[in-house]
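Protein chains in written order, with the numbering used here: chain W, 9 to 424; chain D, 9 to 305; chain E, 839 to 1136.
Hints are not guaranteed to be accurate.
In silico lysine to any residue, SDA-like type, Cα no more than 25 Å apart, as pairs [stated by the list, open to error]:
#1 W/Lys-192 <-> W/Glu-223
#2 W/Lys-291 <-> D/Trp-88
#3 W/Lys-291 <-> D/Thr-93
#4 W/Lys-413 <-> E/Leu-907
#5 W/Lys-268 <-> W/Lys-413
#6 W/Lys-413 <-> W/Asn-246
#7 E/Lys-873 <-> W/Asn-246
Ranges between beta-carbon positions, derived for each pair [said to hold, decoys possible]:
#8 E/Thr-1044 <-> D/Val-204: 39 to 45 Å
#9 W/Glu-66 <-> D/Asp-156: 21 to 27 Å
#10 D/Phe-289 <-> W/Asp-69: 20 to 26 Å
Everything labelled a hint here was simulated from the structure, so no lab data went into it. Quick caveat: nothing in here was measured; it's all calculated off a predicted structure. Note that beta-carbon positions come from the ideal geometry of N, C-alpha and C, so glycine has one too.
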Amino acid sequence: MGKMRRAAVAAVGALALLSPAACGGADSGADQEVEVFTWWADGGEKAGLDGLVAAFDEQCDYSFVNGAVAGGAGSNAKQVLASRLQQGDAPDTFQAHAGAELSDYIAAGQIEDLSALYEEWGLTEALPPGLIDNLSVDGKVYSVPVNIHRSNVLWTNTSVLADAGIAAEPKTLADLFSALDALKASGISAPLAIGKDWTQLMLLEAVLISDLGPEAFTGLWTGTTDWNSPEVVQGMENYKRLLSYTNTDRDTYDWTDAGKLLMDGKAGFFLMGDWAPSDFETKGFADFGYIAFPGNGDTFQWLADSFVLPQGVKNPEGTKCWLKTVGSAEGQQAFNIKKGSIPARTDVVEADYPVYQQSAIQAWKTGTPVPSCAHGAACSQGAMEAANSAIGKFSSDQDLAGLQKAMSAAAALGKN
Amino acid sequence: MTTTTTRRTSPPAVATPPQKRRGPAAGVIGRTLRYSLLLIFLIIVLMPAYVLVVTSFKSGSDIGVNGQWNLPEKWSTESWSKAWTALGPSFVRTFQLAIPVALISSLLGAANGFVLSRWRFPGADVVFTLILFGMFIPYQAVMIPLRDVVSTLGIAPGIPTLIFVHCVYGIPICTLIFRNYYATTVPVEMVEAAWVDGAGLLRTFRSIILPVSIPGFVVAVIWQFTSAWNDYLFAIFLSNTRNGPITIALNALAGAQSPDYAASMAGALITSLPTLLVYVFLGRWFIGGLMAGSVKS
Amino acid sequence: MLTRVRRWGPGLLLISPSLLLLGVFVYGLIGWTIKVSMSDRHTAAESDGFVGLSNYVDLFTNDINGRFLHSLRNLLIFTVVFLLGTMLLGLLWAFLLERGVRAEGLFRTVYLFPMAVSFVASGVVWRWLMNSGQGDDAGGLNAIFGQLNLDFLQNPWWTDPEWGMVAMAVPAIWQLSGYVMALFLAGFRGIPAELREAAAVDGASTFQLYRRVLFPQLTPVALSALIIVGHMSMKMFDLIMSVSGAQWLTEVPAVYVWQTLLTSDYAKASAISVILLLLVALVIVPYLVQTMRTERRS
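Just chain W, with the same shape it has in the complex (with noise of 0.2 Å):
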């Protein structure tokens, strides 16, 4: 009994000692603070994010709290979200891809219109009329966009190309096999770096715009385009073929992991958005190369990171002025630089951004944009997972059929 007394006080002695510490959590200033809510946890997000954080400070009275959630690529972020919205705690403003994604919260009648706004602070004039449409239901605009990220870029170790003896860029799939194999050949056994599920639907949405060309691409999601056809069946052989050169370990990697790879020359290609660079170089990487997808031509896939006005925040007037520091050309250079995006708006100075970037601004402007669909721009939620989740099938048993099948499926779900 004694021992057992002797711990009793210890509970209650614990328990004292944290009652001062329970006084210590409770917002203060609540009214003041605008909780703005991403996955950019770290690297080049959150880079970027303390960039734009830095022009919010200039522009506005309000002070910014981080509510990023890091973790699986943005599904932690998206379900505490979804919680968040369902318990009538919603954040002061939230990250949201433009396109079918941003249409689920439309639909659920979650954010605001922001038209008004848009005419207020000149958006309408200073976006892209093709983006806006993307922002829009009904006529109604609903988020602001921060920044254009491309997703089918190969990006390339210069150095193990070089070694391998490949001196061309491969410009058609054909010559990205031939490369592939060459590097095989020069004892590279997994030449093309990839991640798990969602960076194999991007290499599966590369394959197809090679083989589909951008406009019957774009079909397969809105509907237009027939997945039985012999073009995506001979897209999907390509992107078998293509897995076959990939590191077998694929489904254990995020996108880091993959990337680290071709930084340590265990790979020569690795197929990833524009976000990749600024991984690169905070990790001492500079040796790299880049090219559109093979095949792909001026093809531009893109995805485009918004913030929106939840219904029932506490503080709108803080959230509006973090939208429209999100919108100005200021808010979008401090942004966009660090996160290796270009910005949204067209009136933007090419010569303050890196290379990649100036290259990046002049594709956007002549090439043939298309959705995409890993990333949320072309597929609803529903659509995205069912779709990852049949990429993972495929990666682990390499059934043809039954991905495009599933794939078929999974598109079909977007449209509902």
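Use these hints to put chains D and E onto chain W, whose structure you have.
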């Protein structure tokens, strides 16, 4: 649902049974074999702990693939401070969660357990079975409406919501622990005598039962503290990194896009420390509690 | 009668808040989930069209890639391995310890300690230990196997398409074998000494003693352990999320619910949850009813 060990006054009471007599040679071989097996298993069980500790003190290039199992070349606490920066606030919040949960659930459990152990009303078994079933349900089956309900009730998001939820879903296990404890350790005569003296149920509970309930409380408190501390499912559905417990923060730290292994492992250790200390120092009673609460015959 | 009310009225008062809470938060919410599972609420927007059992039928017949059946298969493999592993190790450890050894407390504490750790925390280290790299890229346990010249033991762990779930059960076994040991140890210690003595008098060998006297006495403990570990297994979520993340290879129903909620498909998520509940109930309810009966008889 009585315990296999009956009439214990303190839960564990692990007495060493008499050694069996055997031939000396067989005894030596048997003993050697037994101790070798025990040691091998000890090493296997401790292996993940070794990795956690060793990696958490590494830094920079020390963390790479080569020599993963080696001791750090240079012991560094850098990862610990990084992990603490990421986890500190939620560490404090988790105490604010787990301590009230442990205390409130145990009190509820003691009250329920006492009533159910003494009160054979018609349908008592059905009621008790219905209570117990609540212990086994997959919480996914209540999670979707639960979010709506707690927000309708106006409970503040984050820790207050989680305290409420853990207390509610902790009722079954705590009721079971105390019911079995009272059924096996508090003599019927004690209660009867109090009633003969004219004490009502509440007074009997307060002055006769509660004072002899400490072992039950230790068990229930440990159980609830640990499950609230370690919970991830409720936490991920009902809170977030800014207002949630440490499992959420650890998951964010370890699941980041470029996870820092050393910091993740330091974080995992920080996360586990309170419950580990509870087990190491109070484990004896806990084992007893497992027996009282879960061993049914 | 009046005395009964006076005596037990406060008792009723004492437990009624708990009963009310459980009534609402367990049974009420289950009812609510069932209602959602029979609706067409497939988006975040409200909608309460009643569709009967069609969400359930879809899961079994019309799910993309037979995904739900796949998650059930994964769960089955995981559960079988998890149960076998914890029961065997738990019984073995209890057997080694039951007659008292030196430093028993140390062994018990070490075997039991993984139970104090959350799956999220242990997932951090097990993700690292179960590194799927082999040969020169080997890390974690594969690296140990390499160093010990046990290369044949190197394996892709949870990334194996067919048997990945077996690997996923390894951390779970690590975590809960000690708990099962504690249960068995309690069982052994609860066996009256007279039984052992009687067997010794009858000249029973040690083997016979365990086979015919002691193990049969442990049956109820084994059943409890199976039930407890089994229902934990069916709910498994945290461990899988922190070792592999949500993905096809390791998807079980609890993870599928999570993924489905991400897409705001509440009706489908509810249907999966209800099936999960039914699976657990199928095992738990007969057990609870049976133990209640036994208790009433005694």
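Hint-by-hint comparison with the structure:
Between the alpha carbons of W/Lys-192 and W/Glu-223 the distance comes to roughly 34 Å, so the proposed pair goes past 25 Å and is violated. In summary, the hint linking W/Lys-291 to D/Trp-88 is supported, as the alpha carbons are separated by about 22 Å, within the 25 Å threshold. Taking the CA atoms of W/Lys-291 and D/Thr-93, the gap is about 22 Å. The hint holds against a cut of 25 Å. Between W/Lys-413 and E/Leu-907 the alpha-carbon distance is near 17 Å, which keeps this suggested pair within the 25 Å criterion.
A hinted pair counts as satisfied when its Cα atoms are at most 25 Å apart, and W/Lys-268 with W/Lys-413 does not qualify at roughly 33 Å. Restraint check: the Cα-Cα separation between W/Lys-413 and W/Asn-246 comes to about 17 Å, which is no more than 25 Å; the hinted pair holds. With a C-alpha separation of about 45 Å, the suggested pairing of E/Lys-873 with W/Asn-246 is violated against the 25 Å cut-off. In this structure, E/Thr-1044 and D/Val-204 break the distance hint of 39 to 45 Å, their C-beta atoms being roughly 52 Å apart.
For the hinted restraint 21 to 27 Å between W/Glu-66 and D/Asp-156, the CB-CB distance of approximately 40 Å leaves it violated. A hinted range of 20 to 26 Å is violated for the C-beta pair D/Phe-289 and W/Asp-69, which are about 52 Å apart.
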